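2 protein chains.
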Amino acid sequence: MDERTALRTLAAELPGAGDDAAVVGAQVVTTDMLHDSTDFPAGTTRYTAGWRAVGASLSDVAAMGADATAAVAAYGAPTLDEDELRAFVGGARDVCESVGAEYVGGDLDTHDEFTVATTAIGDSEDPVLRSGASPGEVVCVTGALGRSAAGLRAFEAGDVERGNDLFRFPPRVASGVALAPYATAMMDSSDGLARSLHQLAEASDCGFAVSWDSLPVHDAVADYAAGDGDEREMAAYFGEDFELVFTVPESDLAAVRAAVPVSVTVVGDVTDDAVVADGDPVPDEGYTHASDE
Amino acid sequence: MDERTALRTLAAELPGAGDDAAVVGAQVVTTDMLHDSTDFPAGTTRYTAGWRAVGASLSDVAAMGADATAAVAAYGAPTLDEDELRAFVGGARDVCESVGAEYVGGDLDTHDEFTVATTAIGDSEDPVLRSGASPGEVVCVTGALGRSAAGLRAFEAGDVERGNDLFRFPPRVASGVALAPYATAMMDSSDGLARSLHQLAEASDCGFAVSWDSLPVHDAVADYAAGDGDEREMAAYFGEDFELVFTVPESDLAAVRAAVPVSVTVVGDVTDDAVVADGDPVPDEGYTHASDE
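From first to last, the protein sequence lines are chains A and U. Residue 289 in UniProt numbering sits at position 289 of the first sequence, and the numbers go up by one each step. Residue 57 in UniProt numbering sits at position 57 of the second sequence, and the numbers go up by one each step.
It should be emphasised that the hints constitute simulated quantities derived from the structure, not laboratory data. None of these values were measured; they are calculated from a predicted model. Idealized CB from N, CA, C, for every residue including glycine. Watch out, some of these pointers could steer you wrong.
[Claimed, not checked] Where chain U lies over chain A, by a calculated footprint (3+ residues, C-beta under 8 Å):
| hint | segment |
| --- | --- |
| 1 | 76-84 |
| 2 | 237-251 |
[Stated by the list, open to error] A few chain U positions that, by computed beta-carbon distances, are all more than 12 Å from chain A:
| hint | residue |
| --- | --- |
| 3 | Ala6 |
| 4 | Met33 |
| 5 | Thr38 |
| 6 | Glu102 |
| 7 | Gly106 |
| 8 | Arg162 |
| 9 | Ala174 |
| 10 | Ser214 |
| 11 | Asp273 |
| 12 | Pro281 |
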């Protein structure tokens, strides 16, 4: 069973699962497990790992339109080196502070492989689910796509400092909170835009018609992409970008742009069914390493 | 750096750390990472693993005198087998239901070693810390000690069904809530009674004088212990028992016993300094695998 099938199994067992975070009363809670071999390329500092791991959970809180309040992390490593631990905690704390949340600690475990499990909680009276999109609305993304794909290429090219910089993404908590009154459906782009569209389409029973040229592409992508096809791969399929993908009525766009502190780009329309780009089907592919509830 | 030293480092970095759970507003939050090689003996079912892993976090919530509301788990395994996953979720859900909390899902990860990270949250307006014990009070434990030590021996003896049964301990959430108005200091016995006493002594700047004969020992210990010394090792040092260790004024004992739904045993007195049993120093030893905030 691959992770997608397993997630469906889990969702069937747990009616509350299947969104970026679970709803508990007026709160949301989300957890993620990351580990060395799949999530932290060689050269990733422990500071970056702390920022990124905790940031991934903060992003899930943001994707619900909730205000992140606190995060914890369980840290497993072969040796518990003091400098590495301090660096990790520093990254975890700084990413929390960047969104107004509190990093309140965690657990330590001696583990063969560097493994981090993070949990974030947030407040929301009325969380935004994946299931509210309606045909006629527009689909948008915050910020720019492809940042993590570029970061991975930077690590692979030996540009460790740039890789670390690109991997420390800003979780869109302020944007998520600002979008909550407007967004009809929302999730983050952690599995890639293509998969996000398919997941929103499935949850909302709708389709999407997007235009490849409309995609906001991160500046760093051009430095590493081998042509237009590769650029699209990095921006639309690779994922792990932690931007927000959401739907709104077109009439709310001006208000949305005024409220959200980062750029908002319309990438297409909500339709009755099928996910297409420039008229062609968009394969439901991307980074299948699970990072959702 | 061993886990104890590392936890001290973490506590110094994070003033909120150092208790069984972190306090965030009127809530507590705690996380734990468990994995195959150290926490789940051969024969542990996935149902038991789900119960025990989530139960460990619920126990940390209980140790704060907080009412557990929800838990999540990140599940990492080499293969995501559907039956195993359903069994794990069943155990996680059942242990939550047993304490009136909601299991709201988690994350899945393909991981070389079976690894589980759990997080629980709970409500408390006035959490019980480790730091409030005063000389003249008594120190007590809920239930009976040595259950997990006996469980491990059962697994080692090939009595897999009994091992699983003993490993599915009841988290003392109802007891923790009932104790909150009375307990001056509290933690769980997950590192063993001996270490719990030392940690309470350090946090409260006090000592303890206990009597070995007063310890409530789980019935199953006698089936596996090789003599009195071994029985003490299993009950006082092995840990992983998830009973509550707490201090109260002796004048509150009757009210405590009336309020707490399980047995409460006085094991000794709070003193000015040193941790002794029958007049001899109690070594600060136990299960050093970290499971605290």
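So, going through the hints one by one against the coordinates:
Counting residues of the segment 76-84 of chain A whose CB lies closer than 8 Å to any CB of chain U gives 5, so the stated coverage by that chain holds, three being the minimum. Only residues whose C-beta sits within less than 8 Å of a C-beta in chain U count toward coverage, and the segment 237-251 of chain A has 0 of them, not enough to reach three; the restraint is violated. The Cβ of U/Ala6 sits about 4 Å from the closest Cβ of chain A, inside the 12 Å cut-off, so the non-interface label is violated. The Cβ of U/Met33 does not lie farther than 12 Å from every Cβ of chain A; its closest approach is about 4 Å, which violates its non-interface assignment.
At roughly 8 Å, the least C-beta separation between U/Thr38 and chain A is not larger than 12 Å, which violates its mark as non-interface. Chain A draws U/Glu102 into its interface by the beta-carbon criterion, the shortest separation being 6 Å against a cut-off of 12 Å. Its closest Cβ contact with chain A, about 5 Å, brings U/Gly106 to no more than 12 Å, contrary to its assignment away from the interface. Distance check for U/Arg162 against chain A: the nearest CB is about 27 Å away, which clears 12 Å, and the non-interface claim stands.
For U/Ala174, the non-interface assignment is confirmed: its Cβ lies about 20 Å from the closest Cβ of chain A, beyond the 12 Å cut-off. At roughly 31 Å, the least C-beta separation between U/Ser214 and chain A is larger than 12 Å, which holds for a residue marked as non-interface. With a minimum CB-CB distance of about 28 Å to chain A, U/Asp273 clears the 12 Å threshold, and the non-interface call stands. For U/Pro281, the shortest C-beta to C-beta distance to chain A comes to about 27 Å, beyond the 12 Å cut-off, and the non-interface label holds.
Checked against the numbered hints given earlier, the structure breaks hints 2, 3, 4, 5, 6, 7 and satisfies all the rest.
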